[in-house]
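Use the sequences and the hints to build the structure in full.
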Amino acid sequence: MANKMLVDEYFQWLENTVDKNSDLYKLLNEYLERQQAPAEHKGPFLSIITRTQGKRKHMLAETLLCLEGQSNLDFELLIMTHNLNQEQALSVDSIVNDTPKWMREKIRVIPVEGGSRATPLNIGFQEAKGKYFAILDDDDLVFDNWVDEFYKLAQENDGKILHSFVVRQDWEVVGENKDIPRACGAPDNTHCQSFQMRRQLIVNNCPLFSLAFPAYAFRELGIRFNETLNTTEDWDFLMRMAVITGVADAQVVTGIYRIWKNTENSQTLHNKKEWDKNYGYIVDRFKTMPVVLLPRMREEAMGKMDSYDFSLRSEDNELYYNEGLGYSEKCVIKGTSFDDENEEYCILFEFDKDAQPIYSLRLDPKAQGGFSITDFKLKIVFESGREQIHTVNSMHTNGLVLRGKEIAFIKNDPQMALAIKNPEKIKAVYVGYELHDPIEDKTVDRIFAVRNFLPRCFAFAVRKMKGALRRIKNVLK
Amino acid sequence: MANKSLQVQSVLYHNEKEGLLKALEALNRAVEIDRENTGELSTVTVRYGDASRENIFTGTEIDALNKKFEGQIQIQYEFFNENTGTAKGHNRMGRDCTADFMLIMNPDVLVCPRFFEYMFAPFNKEGSCAGLTEGRQTPVEHPKEYNKKTFETDWAATACALFPTEIFNQINGFDEESFFMYCDDLDFSWRIRLAGKKIYYCPDAVVFHAKTLSNKGGWTPTNAEVYYSAEAAILMAHKWSNDKRVKMLLKTFSQSGEETLRKAAAHFEELKAQGKLPKQIDKQHKVAKFIGDNYTQHRFVL
Numbered sequence: 001m002a003n004k005m006l007v008d009e010y011f012q013w014l015e016n017t018v019d020k021n022s023d024l025y026k027l028l029n030e031y032l033e034r035q036q037a038p039a040e041h042k043g044p045f046l047s048i049i050t051r052t053q054g055k056r057k058h059m060l061a062e063t064l065l066c067l068e069g070q071s072n073l074d075f076e077l078l079i080m081t082h083n084l085n086q087e088q089a090l091s092v093d094s095i096v097n098d099t100p101k102w103m104r105e106k107i108r109v110i111p112v113e114g115g116s117r118a119t120p121l122n123i124g125f126q127e128a129k130g131k132y133f134a135i136l137d138d139d140d141l142v143f144d145n146w147v148d149e150f151y152k153l154a155q156e157n158d159g160k161i162l163h164s165f166v167v168r169q170d171w172e173v174v175g176e177n178k179d180i181p182r183a184c185g186a187p188d189n190t191h192c193q194s195f196q197m198r199r200q201l202i203v204n205n206c207p208l209f210s211l212a213f214p215a216y217a218f219r220e221l222g223i224r225f226n227e228t229l230n231t232t233e234d235w236d237f238l239m240r241m242a243v244i245t246g247v248a249d250a251q252v253v254t255g256i257y258r259i260w261k262n263t264e265n266s267q268t269l270h271n272k273k274e275w276d277k278n279y280g281y282i283v284d285r286f287k288t289m290p291v292v293l294l295p296r297m298r299e300e301a302m303g304k305m306d307s308y309d310f311s312l313r314s315e316d317n318e319l320y321y322n323e324g325l326g327y328s329e330k331c332v333i334k335g336t337s338f339d340d341e342n343e344e345y346c347i348l349f350e351f352d353k354d355a356q357p358i359y360s361l362r363l364d365p366k367a368q369g370g371f372s373i374t375d376f377k378l379k380i381v382f383e384s385g386r387e388q389i390h391t392v393n394s395m396h397t398n399g400l401v402l403r404g405k406e407i408a409f410i411k412n413d414p415q416m417a418l419a420i421k422n423p424e425k426i427k428a429v430y431v432g433y434e435l436h437d438p439i440e441d442k443t444v445d446r447i448f449a450v451r452n453f454l455p456r457c458f459a460f461a462v463r464k465m466k467g468a469l470r471r472i473k474n475v476l477k
Numbered sequence: 001m002a003n004k005s006l007q008v009q010s011v012l013y014h015n016e017k018e019g020l021l022k023a024l025e026a027l028n029r030a031v032e033i034d035r036e037n038t039g040e041l042s043t044v045t046v047r048y049g050d051a052s053r054e055n056i057f058t059g060t061e062i063d064a065l066n067k068k069f070e071g072q073i074q075i076q077y078e079f080f081n082e083n084t085g086t087a088k089g090h091n092r093m094g095r096d097c098t099a100d101f102m103l104i105m106n107p108d109v110l111v112c113p114r115f116f117e118y119m120f121a122p123f124n125k126e127g128s129c130a131g132l133t134e135g136r137q138t139p140v141e142h143p144k145e146y147n148k149k150t151f152e153t154d155w156a157a158t159a160c161a162l163f164p165t166e167i168f169n170q171i172n173g174f175d176e177e178s179f180f181m182y183c184d185d186l187d188f189s190w191r192i193r194l195a196g197k198k199i200y201y202c203p204d205a206v207v208f209h210a211k212t213l214s215n216k217g218g219w220t221p222t223n224a225e226v227y228y229s230a231e232a233a234i235l236m237a238h239k240w241s242n243d244k245r246v247k248m249l250l251k252t253f254s255q256s257g258e259e260t261l262r263k264a265a266a267h268f269e270e271l272k273a274q275g276k277l278p279k280q281i282d283k284q285h286k287v288a289k290f291i292g293d294n295y296t297q298h299r300f301v302l
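Line by line, the protein sequences give chains A and B.
Each residue of the first sequence is one higher than the one before, starting from 1 at the first, in this note's numbering.
Each residue of the second sequence is one higher than the one before, starting from 1 at the first, in this note's numbering.
Honestly, the hints are just simulated from the structure, not real lab data.
Each computed BS3-like pair below joins lysine-lysine, with the alpha-carbon atoms no more than 25 angstroms apart:
id, chain 1, residue 1, chain 2, residue 2
1, A, 178, B, 125
2, B, 149, A, 57
3, B, 289, A, 421
4, A, 330, A, 427
5, B, 216, A, 334
6, B, 251, A, 427
7, B, 144, A, 178
8, B, 67, A, 101
As the structure is a computational prediction, the values presented were derived from the model and not from experiment.
So this is what it looks like as structure tokens:
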């Protein structure tokens, strides 16, 4: 039995609060005493469930290779083949048979027919022998620490869902058969955030393989995947379990969540209507779930949270500097508040006293997108005493510049960069801007106007050309 | 193409034995599968050159491994009793290689089961002019660009690279005088291209290389990595006739607040004073490419 679940902590508090002669006390006492004596577990620590439809052979082989590379081998792997034809089934068998003997001995291939996306998961969990279950899709990539981080976290958090960080990365497929993976974007840290109950009830920020679920919750408490859902079934399952078990975080990156740019994925397989419908169903269901908020979780829910603090926070801003070797995490300064009597600047970045010539600067105002800035000004004060002031127009950015005055950052990892023509030592950089978070409606309208501008111009030019050609034709007749 | 003999070589440096054994299991399996299917390989020898302070393996352990993998791979182990770095270590092992091909690998890299079929494919393709093939590292893929149709690339990382022994001998192996650990593979690749050969990236030949990323999704080098890559950067720029870049790097490094960078600049100046800088090549810039701080286009920044 598990003895560190979220509800157990609540029950402990309740037991200490109510009258010892009450029926409630007796009930709690009996339950908590049983929870103190966890049964010995026989079997692997982690059961890994991998669903496959046999369509992505290179990717499945790569995922298995990542599991071979684990530093902690206390796992079993259940490959749930779902609705495969004979050729696909043979392909999966061949991939499994290709692995070294010690790896093959950890694998079971379990065919599943019918049902929804969630059906193989429920069956897999049923068949699994581990103390914890993790779901690793046949295109996910994990670092060598993936199993071990869950293992270490479980030692102090038995019974809780375990959560680690994963980075997102854009990938595409190349090759004659368009089946060979190729990374085409930098990893981004959208999913490198601790689990926050309140935020998670509104939006899911946890890719499935960033989580390991306690087997107890499935076997004893009967929490299963909802097989009527074809999308967001993972989020639904996670939250129904999380409100009972709680979640523990390992704040370490353990894998790469691949976003496919030119091939089939769950976004392309299901239309927006279906996604919206399921989203609405789940959110309505969450509204009926009581949630226990322990003191530390209450602070998190009521205090400032990453995505829900709309004010400008100087410490969110990071200034990267390039001394000639490019940007790296060794060369970054966090912003501090600056009280400017002229109210032009509000963030200060102070450089080391052993300053060095700087070739370029990069300002990261926030971790996530979905906001815009106006009245941007950046002042560089060089060691020599010289000052340089820059506005939006001298910055390179991955945001959208609107009318030369506003920058809208839609995508995550917003950045603004500036090259320094004659590299020189810098003493300090001052930055000022007005933050609009979330993006205002009028800004959204401007974005669509810009995006439509060139196509409209092109369409106009084509119409004019067609008209001119018709007139020439008529004249020639 | 006829069966090819292969020498796999890795320079060891305080590696965990468990990781090495796993790598051998993966390699052994890849050889078994090749023999069952494509039949590229005849004999396969694994050579370990141990540059650690104390030997990782004993003679008894190597014998036991040879018994275990009998019929597939044969392991030869040499304790260097010296921290050779990778360039010198590989030259030491490659100098007397009699195999048709050499595969240079990081010692703890796990090759995928169908590795040899994919890595030899460019060599088997008529007219490819292949001189070197490189496997794709997972989970963190190297960001350098490659042609999506031909799979040609500008240079290959020797975390996992395959080439004919003939070419190794033709270009006199790695430049161990100039490069201790970093850029030795880059320099090697470019000299192969100067010799008229092409380099191919094999994205289906996946190899697991244990790396991690920070919570910001980036790469955080150690101090040793910063020093050796800085030292190599200046030497690369000099050897491949980019004097402007040499000047820029020396100025930046010598004025840097980072001691490792100042040390790298000082080392270069010392070599220059002693007349020990490498001879400059590719003065027409036919092969060498310096794009920012990279040596080819990159698909993304890591």
